[in-house]
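Enquirer: Please work from the sequences and hints to get the whole structure.
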Amino acid sequence: MKGQEWYQTAEVAEEYDTKRFSDGGRLIDEREKEAVLSAVGPVDDKRVLEIACGTGRFTTMLAQRGADIVGLDISPAMLQEGRKKARAAGVDDHLEFMRGDAARLPFPDDHFETVIAMRFFHLADTPASFLAELRRVARKQVVFDTFRRFSTRSIYNWLLPMGSRLYARAEIEELLDGAGLQLVGEEHDFFFPYGLYRQLPDAMATRVRELDDVIMDSPIGEYVASVSYWDARLQEE
14 MKGQEWYQTA EVAEEYDTKR FSDGGRLIDE REKEAVLSAV GPVDDKRVLE IACGTGRFTT
74 MLAQRGADIV GLDISPAMLQ EGRKKARAAG VDDHLEFMRG DAARLPFPDD HFETVIAMRF
134 FHLADTPASF LAELRRVARK QVVFDTFRRF STRSIYNWLL PMGSRLYARA EIEELLDGAG
194 LQLVGEEHDF FFPYGLYRQL PDAMATRVRE LDDVIMDSPI GEYVASVSYW DARLQEE
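Per our numbering, the sequence shown starts with residue 14, numbered consecutively.
The set of hints was computed from the structure by calculation and includes no laboratory data.
This list has only true hints and no planted wrong ones.
PhoX-like, lysine-lysine: derived pairs with alpha carbons at most 20 angstroms apart:
| hint | residue 1 | residue 2 |
| --- | --- | --- |
| 1 | Lys-59 | Lys-153 |
| 2 | Lys-32 | Lys-46 |
| 3 | Lys-98 | Lys-32 |
| 4 | Lys-46 | Lys-98 |
| 5 | Lys-46 | Lys-59 |
| 6 | Lys-97 | Lys-32 |
Distance windows between CB atoms, simulated:
| hint | residue 1 | residue 2 | range |
| --- | --- | --- | --- |
| 7 | Tyr-236 | Asp-106 | 44 to 50 angstroms |
| 8 | Pro-55 | Ile-233 | 29 to 35 angstroms |
| 9 | Met-217 | Ala-145 | 40 to 46 angstroms |
Even for Gly, the Cβ is constructed at its ideal location relative to N, Cα and C.
Expert: Below, the structure is given as structure tokens:
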């Protein structure tokens, strides 16, 4: 994975949510959570794993809804922030945070009903092998997101080269087929890239989001979206 040393610092972990999900970033956080809940559905007593859980945004949210969930991340500092979030939400005894490598998950085959990987595949050097490992421990479902290759995200990557991997739809279909997964649901959103929203105060970002919604609701919306949310299920034998 790229940028591990940067990602694992305590300074980055402490400021991660504030820098990314306050002001205009709030709209990103809300939309991502909506996409996860839409794909996963009811989670009461469902065994779930979140890969690259970071500060536990989704881990805590799903624990609040009754999931039996594990949040796994490579960064001890991020996990510490996740534990703080879980305690503040009153669900610290309903979930588990653990340090681990997504390339070698410390779980047996088919251990979780659902595996979630948000904000993960844009940093994956070997996405096929990572997806195969997620599929190995999933009994039913893998949910993940990607940034789109032919979108405004391409411009953002060019202006601020951070090594983020972008995907065309054909690449996603090939990855899923190679991992023994079939696509059963998809959502596409955000004409304007995430980076723009994070730079805007809340009121201005809300106006931009209104324009974004108009574009996404138009016939071209799916083709110009910068983010895709994928719901994949294990293929029938």
